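Participant: Since the structure of chain V is already known, use the hints to place chain S on it.
Number of protein chains: 2
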Amino acid sequence: MHCAMKVGIVGLGLIGGSMAIDLKRKGFAQKVVGVEADPVNAAAAKQIGLVDEIVTLDECVAESDVVVLAVPVGAAVKLLSKVLDAYQAAQAQPSQAGPDQARAEDKVVIDVCSTKEMLADSVKYHPCRRQYVATHPMAGTEYSGPWAAMPGLFDGHACIICDAQESSSKAVRKIEALYDALNMRAIYMNSSNHDVHTAYVSHISHVTSFALALTVLDKEKDEKHIFDLASGGFSSTVRLAKSNPDMWVPILTQNRDNVLHVMDTYIEKMNAFRQAIAEGDEEAIRGLIDEANRIRRIIR
Amino acid sequence: MHCAMKVGIVGLGLIGGSMAIDLKRKGFAQKVVGVEADPVNAAAAKQIGLVDEIVTLDECVAESDVVVLAVPVGAAVKLLSKVLDAYQAAQAQPSQAGPDQARAEDKVVIDVCSTKEMLADSVKYHPCRRQYVATHPMAGTEYSGPWAAMPGLFDGHACIICDAQESSSKAVRKIEALYDALNMRAIYMNSSNHDVHTAYVSHISHVTSFALALTVLDKEKDEKHIFDLASGGFSSTVRLAKSNPDMWVPILTQNRDNVLHVMDTYIEKMNAFRQAIAEGDEEAIRGLIDEANRIRRIIR
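Chains V and S, in that order, are what the protein sequence lines are. Numbered per the numbering used here, the first sequence spans residues 17 to 316. Numbered per the numbering used here, the second sequence spans residues 17 to 316.
Pulled out of the complex, with its shape left as it was, chain V reads as follows:
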């Protein structure tokens, strides 16, 4: 089956572009077509050679065994219903699939977004819900666009598969094989837990990084000082502040309650630190740092 797979990728940015590269390179996809709304990005993706062809969304859905929605989560919510609607329409017609193409009811669409509950809710009662697999490959960089795509981006990272019981087992197996080709390890949870855990481990670190950048840009008016004095420590802490608002505005609004909850805990911890420093309480500062150091055991 793999050697005949056609993959369509909607959104040829960092994630979509990197998938296009590796799914072809690892032999999972025989052909990769791409859909890209931004004409500059589309031209760049073609020039870089990320995909075999740039097509329209309709062509992509008609032609592909697997469609990957690699767009910001706001756009993904709209596109997901469209793709499932197209699957439904195709199944109502006599089969027009070629001999090497999956039948309409065997086609699968996945998303790769960082928030899941709103997507899951949006197609909960769609007749073709079982052809959708919700996935979140936990890999990325702070860069975006087709230029940011790179081979090996996913290598060795985890991929969360959400609500697998809502998808057909055939669809899930196909997508497990796709992520296996990318050398990712699958983790399973429901959408709601996904959104809680990613708020705790991923979304908060973006917010703290944005706030750090805002602080340093506010306090340190002399940009040359920032450049000169930024050692590796500051650079790595502020790195995520380069992240694209098109991606992060919908994540932070869709996952609002979980993000607010973890931000409140974060602000509490900052205030505890502030008080210990203000009081010159060395034992309290040491206690907080000792406690924070526990992260050493978990993150290498």
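What you were told as hints is all true, and nothing was included just to trick you.
For identical chains, the list gives no copy identity; a pair is met inside one copy or between any two copies.
Simulated crosslink set (DSBU-like; lysine-lysine; CA at most 35 Å straight-line):
1) 40 - 240
2) 98 - 140
3) 47 - 94
Hints in this document: simulated from the structure, not taken from any laboratory. Being a predicted model, the structure only gives us computed values, none of them experimental.
Facilitator: Okay, now just chain S, sitting in the frame of chain V:
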């Protein structure tokens, strides 16, 4: 002069050990002796071969043309006076220096600490003040101890030289040559400005990273989830939370006022973010992220 230089390093951790490696390797030092209070670290430094010899502080000061105080800033304040006292005592005696050794009045002591004002104040009126050069090489990792020492740690980074006018120009030139051997570029400012700018650019990123680790450890009780869900973004943002309290407690207490000032701005920015998210105000969130993105132009 360089080929005959003897360097004594007090504190064979990440910074002291890495200096020992490169000052020898680059030919700046003919001989490097080390002082290390912790017996395990001393034995390790010897075994790794960081220094030619482990000696006492008195031997180190007597024997070395340049003494580097590479200890946490609390200990450095105490040791700096001791070293200058020893210089003073030696100058009161007839010269016992060997033919290849600097005269007592040509010896130089430097520190490499992240806060400067308290050190500067502590020796302001010392008769041998001009033999001290205050320096801050802006390089490091989140690891500590002699095992963390590595060649090339300083390569290409900035080194701040503080209050150069308080040191003899001969001493400053010698230390400029030392940092030049480490391939660092010198930046000059006074101690007070140093402490303001490092609070803004360096110290705050450690505090935010400690707070992030505390938050995630508090909210995400399942350590396996932290490990599984930590993509590169979280890992790099939380990296500094592994930093050693022995180093950071004195920095945060000695630079208290500057650190509190920047923390207050940081907490304001977090609250602005929190409000925008709570209100679901997408334009406000986008505005904050756009503003934070300006850091792209400064930090590659």
